[in-house]
Amino acid sequence: MISARQFARLAALTLLLVVSTGGRAQQRIVQWSAQSAISTNDNLLSLGYPVPIPVDTPLPFDGFRSYAGLHMRHQDLVATSGLVHAHAVGATRNNRTIWAYRIGDAGTTTIWGLPEPATLTNAGIHAREWQTPEVATGIMELLASKATDTGFYRYLLDNVNMTVIPVHNVDGFLQTQRYPRDSWLGTDLNDPNGSPRDGRMRRKNMLDVDEVMTTQADHLNGVDLNRNNPPYWATSPSSSSFNVRSIVHHGAHPHSEPETQALVAAAELGPASQLRVYTDIHSFGRVLLWSRTSNERLTQITESVLAGFSAHHQALPNGRRYAYPAASRLDPFLGIGSTDELFAHQYQVPAWTLEVEPPGDPGFHPGEALCGANYGGVVENCHDGFILPESQIRRVRENVAETMVGIFYRQAGPPSITATRVFDQATGALVYESEWSVASSSARTQIVHQSQPLQLDRNYVLSHSYDKPMRWRVGDAQASFPGVPAATTQTSDLAFVGAQGLNFITSNRRWPEQPGAGPERYRHYRDDTTSTDLRLPRDATNDAAINGSVELNLRHADTDLVGQALDADPATVARWQGGSWMDYENSSGSQSDSGGFDASVRIQVSDQALGDPFVIVPGSSSAWYDTARSGEGFVLEILSADTALAYFFTYDSTGAQDWYTMVGSIQANRIIFNEVVRSSGGVFGPAFNPAAVTRTTVGSATFNFSSCDSGWMDWKIDGARGRMELSRLTNLLGLGCGTTNPVNGAGAGWSGSWYDPSHSGEGYVLEMLSTGGAIVYWFSYDPVGNRRWFFGTADLIDGNLVFSNLLSTRGPRFGAAYDPDDLQVTPWGNLTLDLDCDSGRSDYSSTEPGFGAGSLQLTHLTRIHALSCSN
Amino acid sequence: MRINCLITACLVAGSIASVAAVEVSDDSFAPAQAASWDAPNWETGPALARSKSIAAQSLALELDRLLRDDPAALSARLRALDEADALSWPEREAALLQFTRSLHAQRADQVPDDALRLLSTWKSRTLVAHEESPDFGTPLFNIAAEAQGLQNRWRREAAAGIAARALATGAESFLDGWPSADDAVGQAGWIDALRAAPASQRKALLVQGLQRMSNAPQLVLPTTEAAISLRDHAAMTRLIQATDSVPLHFLLTALAGQLTARELDQLLAELITNAPVDRAALAIAIFGRALVDDRSFERRMLSLLGDPALGSSAALALSRRPGAQLKAELEALAASAPTSLLGGRARLALDGFVTAQSEQTP
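As they're listed, the protein sequences go chains B and E.
The numbering used here numbers the first residue of the first sequence as 1 and each following residue consecutively.
The numbering used here numbers the first residue of the second sequence as 1 and each following residue consecutively.
The reader is advised that the hints may include incorrect statements.
Okay, the calculated beta carbon distance ranges per label pair [what the hints assert, rightly or not]:
hint, chain 1, residue 1, chain 2, residue 2, range
1, E, Q110, B, Q261, 56 to 66 Å
2, E, D114, B, Q591, 51 to 61 Å
3, E, Q266, B, S760, 40 to 50 Å
4, B, S760, E, D244, 51 to 61 Å
5, B, R394, E, R289, 14 to 24 Å
If you are wondering where the hints come from, they were derived from the structure by calculation, not from laboratory data.
Bear in mind the structure is a predicted one, so any value in this text is a computation, not a measurement.
The C-beta atom is built at its ideal place from N, Cα and C for all residues, glycine as well.
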């Protein structure tokens, strides 16, 4: 005999069994509810936590933003950050714009002049997966907030083209937000009682369906955009369907839907040829699903990328473990028509489906709470995993965004050494430099300068620079990148003469904190340069290997912050091609995806005591030029022990004259010009208005001198880079250098810069020459404001410097296009300088039309260090 | 154990029913073997069809009878089901799922702990293809998840009982005990008790909570709950400005429904001036909905458009107010300062009108 209560329970149980196991149940709209008890009300689905309702706000909060809020946020980042760029890549079935956003600087080349690698991240392809537009927006917000970063993030912003589609299935997403509590139950074709449809649980796009939930006939329609893609479109009878009402309906043909066409268009923002990784963000499951191809190298790289994701995310504060399948368990010839298959197979990049939390499967996450139970929910229906509690979304958004950015860094490319320098500790002089200069998209050229062989028992600083930041920071302190064991990132240097190892002692490894060009400075990004003290002791080992002056070969090993080893051959640019790395050589010089140690540095070392290396002296003041580039050059004035002024007389890209000025700091044998300045707004002659002159910093330059008569310099102007060898052109009266003794004579103190204060913005640079006479460079403008410069040599006549034949030039083009054979020299006119130590007068007369004749009242603006002047 | 291989993947896999997966171990960056990933072994339709057998219904009834008449034998029966049985896995697991669901009609102490533990860690065997990856199976009957939900519910009810007793003792007792509710389930239980308590107890708790929360920020949550339930505007206003840990969305929503337009406007002005940006932004969004026809709100938003941090919030709020006069003002702002932040935000607001229209049914 059973009680009435027991009978009622058994009856309910029987009904439940019929309903749950596929018996055709009542078709109805149900409401997701916050209540914690499973209700006897058939129209409620209990969550056990509040039902999130989207809020019309653009800024992130502990909750979900409406589509309008997200869209406003995206567009505002475009308007305010300068780092987010909007692109309409298509329109939905209901003709709503699908937006993609490129994140990074406006350009599409790296600071090295190479095509930028690209990433593509898609979110919101399935409408109900609200976590995903938040995560994608979190990626945008994280990167846009890092404009002032000097390291990791700045590197990404400058050098990687990161495209994000935050809401792919706009129509569907709006439908879920229109009905944030409601879904149909009892209508799904396969699992009517287990699988709620439409409203909050809409997955597909809105093909052939209106936006009114109560019109039942069409509510199952639509195309699953993650089934609408080649190459496996419609090949999986179990995971995709021709039935338009199926939740995995694959559409009429591959890319039949405008949304999937928009995804292809977004890939071209990379452009597609530069794509290095694709991620389709979904929920839920906390798993990384991926598509294996028959390209085994791509398979291994993808597996490694996912290992990086999983390890990083788990190591974050409040991080979670993302599981992923091993390659050995994936069938490269099986697919469902998903977007990750599209990008893996057709674009040949690591491509995967990121299923954001919660976990849903005890097999993937044994022992963990699943679906809504992970957040204290009651799991009346496991689809509650699509409804992340508001209290969780901030953590999910921020953590996943941070991990995704780590993936972008990794796929930006393996690290390559860009420069190795050796500084003499006693003088601070740069004695060795190897620098790799990009010659084409696939090749670099190594430029080596050594001003003095390394000496035994002398202390040096060895500095290596890379093409990316190599270490992670938490605040100001270096730390392991989350998920990467500290032992993975180790730096080492070994030296050999032939096969003989040297006793090459390095100590005090450090990562400079400030930008610049010295031994304790990073080059472009914080943590792109490491320095160590270096000493080659005079001992039995080194004595045996070093006889006279020999060449040592340095083997340098390091890894970037995610553990990728160096490209062992910087002569070829590591790049992505055909689904793997191209020219990412290992230590044996073979193609690889793992790199090795760099052996490109060869340094002369001597067993002789050679004394101090050359350092800059006042006699370094001179005109300097590159013998291969006759027609342009520099006038250098050493103004004090630590300050120098240089004028760069050159041409623009059309072959017209151009000039720049720069003031720099002297560091032993180097001069660091942090600002190369372009002056504009002046005009030649009486109409000159100093107030109209503007000075704009357009770049930087560094001069390095290996001796009194030679050196090299590199410049960066308007984003372009160049390098010139330097040969001395002049010797100044009254100054010696090295073994060249000074020649004294009248007027030595006149050397320096002169200008008329009422013409601030133009002037003369005068060199009184040790060979007698003088040379002047007049940096000015033409009558319509183009920068011009004139030069000539003078004789001293009755105390005046008479330049009877000033010359002008034109022809060569600036930078790499420079051809000295294009140089045309033409007479310009004459100039007379009547000077005393502090002031003077110039009189000129030009034969070039429009310039005429005139005079200027001069003041001695700069004087050469160590030259005195007496009237 | 008989595995029903009904789909291509299973046939291709041959004898492979259980496949290994990888995860990353803590001490290595290289992939390592980890929990198993099983291949799918059923299609949904056939599995559901199989699960509707009379035998499955009988099994569910048998389990229910065991629970009622012989609870000690229930765990053994569950273990036996996990090991071997004449029924197919869909039949067994459908019955188990429904048995688990039926336990919601029981009290926690009526179900043996080990039985519940078996259910909450149940490794599903009826695996259908994962929606996004055909190589892997996912449970058709997620018994573990359902059992975990049930555990959550019972834990929550137990916590509510403890909290109710604490509250009956006094507000201090409740607040002293609150930290013991150290996860979402426990806290939900304590909040349930608070919501069910008489107003006098909630008032006492509010007073105590407001006094103590500066030194104990974890008390903000129950204090806020008390303030909302009591419709204590002053307390709610104070809480908004108090700490980062306040459940801001709920608090602002509650206030938006309770304060007058004038009060909301005053509070909004205060938050815009003095509160962190994220609080002010959310207040603009939530109060804006309550101040539909409020011209003062519009003026305030227009003045905020050029604000670097809050301008986008103002633009969105304005875009939700489709008035001709406002539109003209925005167009004038956009035209007068086309390159400024102000002008840009005015344009975003105007674009927002379009977005708002596009949200409607075409």
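Going down the list of hints, with the structure as the test:
Checked against the given bound of 56 to 66 Å, the beta carbons of Q110 (chain E) and Q261 (chain B), roughly 57 Å apart, stay inside it. Our hint of 51 to 61 Å for D114 (chain E) and Q591 (chain B) holds, since their Cβ atoms are close to 58 Å apart. Distance hint check: the CB atoms of Q266 (chain E) and S760 (chain B) are about 57 Å apart, inconsistent with the given range 40 to 50 Å. With their beta carbons about 54 Å apart, S760 (chain B) and D244 (chain E) fall inside the hinted range of 51 to 61 Å.
For R394 (chain B) and R289 (chain E), the Cβ-Cβ distance of about 22 Å falls inside the hinted range of 14 to 24 Å, so the restraint holds.
Taken one by one, the earlier hints fail for this structure only at number 3.
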